[in-house]
Structure formats: C-alpha cells, structure tokens
Amino acid sequence: MTSEAMQREAAAPGVPVMALNHITLRFGGVTAIKDISFDILEGEVRAIIGPNGAGKSSMLNVISGFYHPQEGEILYRGKPRPAMKPYEIARMGVARTFQNIALFKGMSTLDNIMTGRLVQMKSGLLAQAIWKGAAEREEIEQREKAERIIDFLEIQAIRKAPVGSLPYGMQKRVELGRALVSEPSLLLLDEPMAGMNVEEKEDMSRFILDVNDEFGTTIALIEHDMGVVMDISDRVVVMDYGAKIGDGTPDEVRNDQAVIDAYLGVSHD
Amino acid sequence: MSADVYYGIEVVLNGLMTGVMYALVALGFVLIFKASGVFNYAQGVMALFAAQTLVGLQTGQIPFSHLINAMFGLEVHHFGWTLPTVVAIALSLCMMILFAILVEKLVLKHLVNQEPIILFMATIGLAYFLEGFGQLMWGSEIKRLDIGIPQGGNLWIENATAGLGGDDFYGFYIDTLDLYAAGIAILMVAALVLFSQYTRTGRALRAVADDHQAALSVGISLRTIWVIVWSIAGFVALVAGAMWGAKSGVQFSLSLIALKALPVLMLGGFTSIPGAVVGGLIIGVGEKLFEFLIGAPFLGGATENWFAYMLALVFLVFRPQGLFGEKIIERV
Amino acid sequence: MIYREVGEFKTSYRADRQTFPIALDRYAYYTLLAVAFGVVPFLLNDYWVKAIVLPFLIYSIAALGLNILTGYCGQVSLGSGGFMAVGAYSCYKFMTGFDVYLPGEAGEWVRYALPPINVFFSVLLGGVTTALVGILFGLPSLRIKGFYLAVATLAAQFFLVWLFNKWEWAFNYSASGQITAPERAVFGINVTGPSTAPWATYLFCLVFAVLLAILARNLTRGHLGRSWMAIRDMDIAAEIIGVNPLKAKLTAFGISSFYIGIAGALLFAVYLGAVEVGEVYGIQKSFLVLFMVIIGGLGSILGSFLGAAFMVLLPVALKNLLVGQLGWATDIAAHLDFVIVGALIILFLILEPHGLAQLWRTIKQKLRLWPFPH
Numbered sequence: 017m018t019s020e021a022m023q024r025e026a027a028a029p030g031v032p033v034m035a036l037n038h039i040t041l042r043f044g045g046v047t048a049i050k051d052i053s054f055d056i057l058e059g060e061v062r063a064i065i066g067p068n069g070a071g072k073s074s075m076l077n078v079i080s081g082f083y084h085p086q087e088g089e090i091l092y093r094g095k096p097r098p099a100m101k102p103y104e105i106a107r108m109g110v111a112r113t114f115q116n117i118a119l120f121k122g123m124s125t126l127d128n129i130m131t132g133r134l135v136q137m138k139s140g141l142l143a144q145a146i147w148k149g150a151a152e153r154e155e156i157e158q159r160e161k162a163e164r165i166i167d168f169l170e171i172q173a174i175r176k177a178p179v180g181s182l183p184y185g186m187q188k189r190v191e192l193g194r195a196l197v198s199e200p201s202l203l204l205l206d207e208p209m210a211g212m213n214v215e216e217k218e219d220m221s222r223f224i225l226d227v228n229d230e231f232g233t234t235i236a237l238i239e240h241d242m243g244v245v246m247d248i249s250d251r252v253v254v255m256d257y258g259a260k261i262g263d264g265t266p267d268e269v270r271n272d273q274a275v276i277d278a279y280l281g282v283s284h285d
Numbered sequence: 002m003s004a005d006v007y008y009g010i011e012v013v014l015n016g017l018m019t020g021v022m023y024a025l026v027a028l029g030f031v032l033i034f035k036a037s038g039v040f041n042y043a044q045g046v047m048a049l050f051a052a053q054t055l056v057g058l059q060t061g062q063i064p065f066s067h068l069i070n071a072m073f074g075l076e077v078h079h080f081g082w083t084l085p086t087v088v089a090i091a092l093s094l095c096m097m098i099l100f101a102i103l104v105e106k107l108v109l110k111h112l113v114n115q116e117p118i119i120l121f122m123a124t125i126g127l128a129y130f131l132e133g134f135g136q137l138m139w140g141s142e143i144k145r146l147d148i149g150i151p152q153g154g155n156l157w158i159e160n161a162t163a164g165l166g167g168d169d170f171y172g173f174y175i176d177t178l179d180l181y182a183a184g185i186a187i188l189m190v191a192a193l194v195l196f197s198q199y200t201r202t203g204r205a206l207r208a209v210a211d212d213h214q215a216a217l218s219v220g221i222s223l224r225t226i227w228v229i230v231w232s233i234a235g236f237v238a239l240v241a242g243a244m245w246g247a248k249s250g251v252q253f254s255l256s257l258i259a260l261k262a263l264p265v266l267m268l269g270g271f272t273s274i275p276g277a278v279v280g281g282l283i284i285g286v287g288e289k290l291f292e293f294l295i296g297a298p299f300l301g302g303a304t305e306n307w308f309a310y311m312l313a314l315v316f317l318v319f320r321p322q323g324l325f326g327e328k329i330i331e332r333v
Numbered sequence: 294m295i296y297r298e299v300g301e302f303k304t305s306y307r308a309d310r311q312t313f314p315i316a317l318d319r320y321a322y323y324t325l326l327a328v329a330f331g332v333v334p335f336l337l338n339d340y341w342v343k344a345i346v347l348p349f350l351i352y353s354i355a356a357l358g359l360n361i362l363t364g365y366c367g368q369v370s371l372g373s374g375g376f377m378a379v380g381a382y383s384c385y386k387f388m389t390g391f392d393v394y395l396p397g398e399a400g401e402w403v404r405y406a407l408p409p410i411n412v413f414f415s416v417l418l419g420g421v422t423t424a425l426v427g428i429l430f431g432l433p434s435l436r437i438k439g440f441y442l443a444v445a446t447l448a449a450q451f452f453l454v455w456l457f458n459k460w461e462w463a464f465n466y467s468a469s470g471q472i473t474a475p476e477r478a479v480f481g482i483n484v485t486g487p488s489t490a491p492w493a494t495y496l497f498c499l500v501f502a503v504l505l506a507i508l509a510r511n512l513t514r515g516h517l518g519r520s521w522m523a524i525r526d527m528d529i530a531a532e533i534i535g536v537n538p539l540k541a542k543l544t545a546f547g548i549s550s551f552y553i554g555i556a557g558a559l560l561f562a563v564y565l566g567a568v569e570v571g572e573v574y575g576i577q578k579s580f581l582v583l584f585m586v587i588i589g590g591l592g593s594i595l596g597s598f599l600g601a602a603f604m605v606l607l608p609v610a611l612k613n614l615l616v617g618q619l620g621w622a623t624d625i626a627a628h629l630d631f632v633i634v635g636a637l638i639i640l641f642l643i644l645e646p647h648g649l650a651q652l653w654r655t656i657k658q659k660l661r662l663w664p665f666p667h
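Residue numbers (the working numbering), protein chains in the order written: chain P, 17 to 285; chain Y, 2 to 333; chain Z, 294 to 667.
Worth flagging that the hints you see were computed from the coordinates, not collected in a lab.
Predicted model, so just to flag it, every value in this text is computed and none were measured.
Check each hint, because a few of them may be wrong.
Claimed, not checked - Listed next, the in silico BS3-like pairs over lysine-lysine satisfying Cα-Cα at most 25 Å (straight line):
1. P/LYS101 x Z/LYS438
2. Z/LYS343 x Z/LYS657
3. Z/LYS659 x P/LYS176
4. Z/LYS657 x Z/LYS303
5. P/LYS148 x Z/LYS657
6. P/LYS138 x P/LYS101
7. Y/LYS110 x Y/LYS248
8. Z/LYS540 x P/LYS138
9. Y/LYS35 x Y/LYS106
10. P/LYS148 x P/LYS161
11. P/LYS121 x P/LYS161
12. Z/LYS540 x P/LYS148
13. P/LYS95 x P/LYS50
14. P/LYS121 x P/LYS176
15. Z/LYS438 x P/LYS121
16. P/LYS50 x P/LYS101
17. Z/LYS612 x P/LYS121
18. P/LYS121 x Y/LYS110
19. P/LYS121 x P/LYS101
20. P/LYS148 x P/LYS176
21. P/LYS121 x Z/LYS657
22. P/LYS176 x Z/LYS303
23. P/LYS121 x P/LYS217
24. P/LYS161 x P/LYS176
25. Z/LYS659 x P/LYS101
26. Z/LYS657 x P/LYS176
27. Z/LYS303 x P/LYS161
28. Y/LYS35 x Z/LYS438
29. P/LYS161 x P/LYS138
30. Y/LYS144 x Y/LYS35
31. Z/LYS540 x Z/LYS438
32. Z/LYS303 x Z/LYS659
33. P/LYS138 x P/LYS148
I would like the entire structure built from these sequences, with the hints used as guidance.
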C-alpha cells in the first residue's frame, strides 16, 4: 500500500471516451482476447489488471490502434473508430507508454519529450530550411510546453542527458513526460510502476493522479501492484486468459471470487 | 519443338548451374548469420582470398613477394617447388581456419553487444582489409586455377542432345565444370544439413543461432562456436572460390560474387540453408532467362548486372522475410 | 582552462539551442569561414585544389547527404554512387540544353530543347532530379528495413549504372558513352572546362558546401530531424507517437538524394570534367561515401566533413609517403590503402562507433578541464 493513500471519490458519470464492444483478437491460432466488452469514462482512471499472459498489453494495443481486432467494434466518443494507422490515432489525442520503455536512445531527455510534440509542429520544409523566423519561433513555443512537463515531473537535472544513460525509474518518468506533453485526451500506461521501489512508486502515483486532477486526462493503465491499483483507480477491469472476469470499482473487484481464484491460480474450465 | 525452345532450355539449364554456384556462396552467409547474427559482407572476399591462397600454394608463390621486392630491392617471386592439389587444398583450409580464429579474436569478441548494422559495417571493413591483404600477399594478377576438374563443354551431353531442335542444333552446351560444381554443392548442402541436425556441435550451433544467452547458460562456449562457424564458412568460401576460380580465373571480380549472393539471400531468407539453394537457383535461372528473352533483344544486354537485385527487391516488398525465412513479428 | 563554458549561462531557449553555444566555438567558426572565403583562394595552387580541396568539399556534400539518410534517419543506403550518377547526368543534360523528342506532323521525331542553363542552376536542378529519383527508390523502405533495405539500394545502384551506360539520350548519343562538361562560367569566370582557375572552382564548390551544411544543420535541429532520429531509434514507437513514417522516410530519401546528386554533379562538371559512369559512379563510390560517414560519425554534420577529409587525405598521404619517399610501386600503395581503411573501419567501430566527431567531442571535453585530469 502506498502511504499517499489519496481517497478517490467516485468519478462523476460521464461520456464514455472509449467503448469496446465484443472485441476478439487472434494471432494465428492463439486467441489473445475473447469477446471482451467494457468502457472507459471521461476523466476517470481505469485500471486493467490480471495475471501474466491475460492479454492486458494486447488490450492496450487494441485501444491504441496498434492491433486491429478480428471481431468487435471500438467506439471513440460514441462514434465507431475505423481501423487507422498508429500515427493517425496519435493525432486524435491518444498517448501511451510502453512496458519495456520505448524511448529514443540516441536522443536526450529534452529531445525525447519534444518528440511528443511532433504532431503539433506544423512548420513546413522551407520554413525549417531557413530556420530563422517561423520555424525557430515554433521550436521555442514547443520548448516551453516541454519545459512545463519537465517541471511537472521534476526532471530538470537530466534534461540534456542521453536517455540511454539514465536509471530505469528515470527513463520511465521521461517516457511519461513524452506521453503527457502531447496533451492527450486519453493516456494509456503499460505497467508504469514496473521495476520501481516504494519511493519511485509514490512519485509516479502522485504524477498520475496530478495529471488526472489538473488536466482532466482520462487514464487507462495496466498495473500489477494491487496497492497502487486500489488507491488510484476509479474502476477496474480484470482479465484472465483473454476473457473479462471482473469489472467495477476496486472494492467490488477485490472481493469478487472469480478474481481471487484467478490470482490464486485455481483452475477453471 | 523449334530450336529456339531448346535454346531456351539450354539457358535454363545453364542458369541452374550458375544458380548452384550462387547458392554455394550464399551458404557461407547463412551459416554465419544463423550462428552469430552477423551478415558477413566479407564472404565473397573470403572466397577470393581462399582461391588466391590455393593457387599461391599450388604454384609455390612467395607470400608478399611484391612487398618484399619493393622493400629490399629483390626480384623473387616463386619458391621453385609446386604442391599437389590435395595438399594445397588442405593447407588453404588451415589458412581459412586461422583466419576464422583471428577474426573472432580481433573483431567479433569486441563487438559482441553491438547492433546488427554495426556488425555489418565491420564486415565491410573486414572485406576491404582482406582484399588489400590478399593482393599484397599473393599479387593482383589474374591467375589460372587448375584443380584437376575437367572443363569445357561436356561432349557426352552435346552429342546426346544434338539434332533435337532440328539439324542445325548442336546439342546442349553445358560445361563439365558446372556439372561437377553442382554435384559438389549438393553434397555440401547435404553434409551441412546433416551436420547441423545430427551432431552435437551442430546442435550447439542451432542453439547459439536461436538465443545467445540461453546457449551460454547451458555451457556452450560462444567463442568456440563462432570460430567453428567461421571456419566452416571459410571452407565453403574455399570450395566456392575454387569452383569460380577454375571457371573464370582467380581475379578481383570473384569478390563481387558476394554481392550477387545478397539477392539470393533476400529470396531465400537469411536463416535458411535450403532457402539459400532455392534462392540461388531462382536467381540463376531468372537472370539468364530475363537476359535471353528481354535483355539482349530489347534492352541492349548486360541486364544480369541488376536483374537479380530488382527481382529480390520486388519479392521483398511482398514478402519481407523471403521464401523460407522466419516471419518478422514486431512486438511493442 | 582556455576552452571553457564556465560563465556561459543561457537565459533564453533560443540561446540554449544555438549551434555553437560556447563562445570560443562561435568565433572559431566565423574565423574559419572568413579564412575559407577570404584567404585560402589566394593560397591555392592547382595541385592542392585538384588533389585535395575539391574532392574534400564535394565528398563532404555527399557525406552530408548520406549522413542525413543513414546517420539521422537510420536507412542504410548502398546506392550513393548511382545517385551521384543521376546528379551528374541530369546536370549534363541541363547544361547542354535539355531536349525531348516529340512526334511531328509528318510522323518524324522533332527535337524540342531548352536552352543551356547556367551551371549553378544546372547543378541545383541535377540535385532536384536526383531527389525525385531518390524518393522513388526510397518507396521500398516503407516495407523493408535494415540489411534488406541495403539490398534494395544496391538494386538502385546497379540499375542506374547500367541505365546511364545504355541510355543514349542521357549522354547525347556520343560514341564513347562519356559525358564531357562544356566550358561554362559564373559571373563571367570559368568554373568548368579546361581553362579554369583553381580559386574559381574552389569558391564555386565552397559556396555549395557551406550553404548545404547550414541547410543540413537547420533541418536536423527541428522537428523534422527529431522525427528522423525517432524512426532511426525505434520506428514503431515513432509511429505510435504520431510520426508519419511514409512522409519522414521519403523526405529523408529526397533530401539526402538532393545532396548526393549535387555532389555527383560537381564531381563531374567541376572536378573531373569528363566521366564514364561505370568507372566513376560504381559500387566502390557508394562504399567510399559510406566509410566517410562511418569514420566521421553517424548523425553528425561535423563528422561528415571530418570523414570526407580523412578518406580524401589517406590515399594521398600514402602515395606521397610510399611512392614519393620510398619509391614503391603505386599498386602497393593502393593495396595498403585498402588494408588500412578496412582495419580503421573495424577499429573505429570497436573503439569509437560515433566516429571522429565523437573523438573530437571527447577532446573538447578534456580541453575544458585541461590541465586538470578531471
């Protein structure tokens, strides 16, 4: 349990940012996701939990548009979302972090975070070739936005460090920064606390809650640490072997027998 | 059937022969790539160097004679004795094994955790080094290589097929050397497949190709494996170099064959031994047929310079992993 | 102690992101430019220009181009030689009056030709043509990566060399298949042809080199450069955060080919004067430029210049030493060149994969602390 146990009031009923209906995802002969339906409400923190191999990362990939499910439909703000290229989805305001950290190792922290603003940077080839004038102004504007996130995440000291040389916990924070700087409406976090010690987890939880509070960003996260999940999420989806076995508030899910069985490894048909 | 069709068939048969030779060079690539993940650009130069060494040993050349002459003002070129072919082949093989040991010690060991592109560029550097070194050691003149395999159009086949397409048809012209090369290549492929499937070392090779860490954890010495793999590749290079050298002389252009092996690997997949063979055959036949049907009549000829690459390119766009390669799944 | 950034605190983002944040660097850069434009032209003689300076400038441009594609964007290309040929031949056509043959009324072919274009613009147009060809051959990069892409560029290399060998219109139906640069002038001063002054050719190439270097710096410091590097480092992640891989890769191919085409055009028109495509623009040229980029440093503008200087100077130095001083045969020098280059490539990749540019940065780092060890 994190010591910063902020009590979350129940999220006000809002418009589902995302609704996933009867999603089935197959890789060749393996069915990773079997007929799962759930929604993510505006402004809430939605956790996806489950034992290893349950299909949580695949689910996140479906939400982010990287995988296209063979069956089912995805509604984004009530409208069906067509199968799009990943970069088109980014432009719709969906940002994510990755389980194994997908930072650009050849660049510094600042540059990595600036890449999060790529979608918003519009200056054309000619303007950039000349640099002085429009392109430089835009670069400075975006730099200001990046610096705000750097302040928020307290990573000023490592601004110019090449990310490859940073410790794991810092890299995860930089990756969060890159996702945040694009001012997403939906933020997907894939095991943001993995490999962290207690203090780092407290910091990360604080950042996630602050993001949700200050910017009103809707957040969906995959997480294994039950304490974190119970403390910071509004609602939880539980997956096991590709199917949904629980859906509700943390308290409801914590006491559900099917969920307990799944985690204890009780076999079921 | 008209004579033209028979000429077409002859082109195909010759293409198959050439394809087998390509496959031989490609085999060396596949071996090294499978075991160490390194795409060895130097494979072609290794074939050239092996052939140069073979000729040099056979004819009793003094190594580095050109350099020694320049430094000390001498005029020596040969020791004066010659070696029987078999001995020369054995000694050349030793040379290639020595080369493998040195490459592992001086190059591979230091680049263990680097990205594949860095390793690839290191092998380009190795190729340049070996090329210059080979020229310094054995001289850069074109040399005739004679390893006792008969050459020239095979009379038996020619006579047997004469007259098939009409009285003017002289019969298929197929070089006896090519027949021997095909036979040897098939033997080598069979031997390599048996080796990798049924011997302990072969199993270790496959383990290393799969996962370095796991192989290390079961006690396989990565470095020994690399030396073995590069030695085998050196042996394959020797055979390929000897065949090509006997066919068209030992000269610089031998190293360019390595470049031709690339499209072979594109088609066959980088990690597949049968793929190297099938890819070689397809490229060999393809480029000869294209030149025969379209290149020479309509495009002014010499299309063999680029056709293999274009074919591989088109193929790659539709099937990036080649015919037999492992499908590349990108995980996030 | 002498070279330091103590006290160099930046108070604006603009100052923080400038090309030369350390004042000493800035002054050194301006001085270098002043010397290059104002002093060197008077010091040059024909040998220096022909053997060292012109190839250095021209290959620096080519190395810049390849660095943009391979060093910044991570797309390996072995087709530089072929693209240089495109630049050279298209420059030639523009210089001699670009012509098309259209059917006339009586069914015969009528020749419509543009007037010959000034050599400066012909070189630029050569670059533009190469950019278009580069984009075309870059299309496979959307499906193919790594070594496979290298093979695709080899296809471009061999095909283009074959093309300019066979396509008679490209060399104006000359019997030898060679193209020769006609005498042309800029502001009344000859830069191509047999009777050029060394300083004129030098300045002509220098202008291109400096402008293109500044352009490269600007393109790589902004969001375009970052999207290239993102694709280089992790292309899937790049796509997920919003980089359009098609646009980014094709832009890299286009701009890189623009540079390489200009280098090829300058190589032909100003430096060699007459070329035969197989000899000059073959695969050896592609490797030469690639080595410059590796030795100089991938992803570095300074590195492109350092690598070009190195690869141009090495054979000259070897020849002077071995043939001039020791009297050995020239082919020994050539073979030793290969041996040394090959060994150095391996050495650099082992010890300093980021090339001479990184070496330079390390030296500067030490200079900041000198005479203290740390």
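Comparing the hints with the structure gives:
1. P/LYS101 x Z/LYS438: 19 Å, holds
2. Z/LYS343 x Z/LYS657: Not OK: Z/LYS343 and Z/LYS657 at ~32 Å, beyond 25 Å, violated.
3. Z/LYS659 x P/LYS176: 19 Å, holds
4. Z/LYS657 x Z/LYS303: Holds, because 20 Å separates the two Cα atoms, which is no more than 25 Å.
5. P/LYS148 x Z/LYS657: Roughly 28 Å separates the two Cα atoms, so the pair is violated.
6. P/LYS138 x P/LYS101: Between P/LYS138 and P/LYS101 the Cα gap is close to 19 Å, so the pair holds against 25 Å.
7. Y/LYS110 x Y/LYS248: 36 Å, violated
8. Z/LYS540 x P/LYS138: Given pair Z/LYS540, P/LYS138 holds - Cα atoms ~13 Å apart, limit 25 Å.
9. Y/LYS35 x Y/LYS106: The given pair, whose Cα atoms are some 19 Å apart, holds under the 25 Å limit.
10. P/LYS148 x P/LYS161: Distance of about 20 Å is within 25 Å: holds.
11. P/LYS121 x P/LYS161: With Cα atoms ~22 Å apart, P/LYS121 and P/LYS161 stay inside 25 Å; holds.
12. Z/LYS540 x P/LYS148: The hint holds at about 23 Å.
13. P/LYS95 x P/LYS50: 23 Å, holds
14. P/LYS121 x P/LYS176: Satisfied, since the Cα-Cα distance of roughly 13 Å is no more than 25 Å.
15. Z/LYS438 x P/LYS121: 19 Å, holds
16. P/LYS50 x P/LYS101: 23 Å, holds
17. Z/LYS612 x P/LYS121: 41 Å, violated
18. P/LYS121 x Y/LYS110: Distance ~24 Å between P/LYS121 and Y/LYS110 Cα, so the pair holds.
19. P/LYS121 x P/LYS101: OK: P/LYS121 and P/LYS101 at ~24 Å, within 25 Å.
20. P/LYS148 x P/LYS176: 23 Å, holds
21. P/LYS121 x Z/LYS657: 23 Å, holds
22. P/LYS176 x Z/LYS303: Cα-Cα ~14 Å, so holds.
23. P/LYS121 x P/LYS217: 23 Å, holds
24. P/LYS161 x P/LYS176: 16 Å, holds
25. Z/LYS659 x P/LYS101: Between Z/LYS659 and P/LYS101 the Cα gap is close to 47 Å, so the pair fails against 25 Å, i.e. violated.
26. Z/LYS657 x P/LYS176: 17 Å, holds
27. Z/LYS303 x P/LYS161: 18 Å, holds
28. Y/LYS35 x Z/LYS438: Holds - the C-alpha atoms of Z/LYS438 and Y/LYS35 are around 18 Å apart, at most 25 Å.
29. P/LYS161 x P/LYS138: Holds, because 15 Å separates the two Cα atoms, which is no more than 25 Å.
30. Y/LYS144 x Y/LYS35: 33 Å, violated
31. Z/LYS540 x Z/LYS438: Measuring from Cα to Cα gives roughly 16 Å; hence the hint holds.
32. Z/LYS303 x Z/LYS659: Since the Cα atoms of Z/LYS303 and Z/LYS659 sit roughly 22 Å apart, the hinted pair holds (cutoff 25 Å).
33. P/LYS138 x P/LYS148: Holds, at roughly 15 Å.
Consistency with the previously given hints fails for numbers 2, 5, 7, 17, 25 and 30, ordered from lowest to highest.
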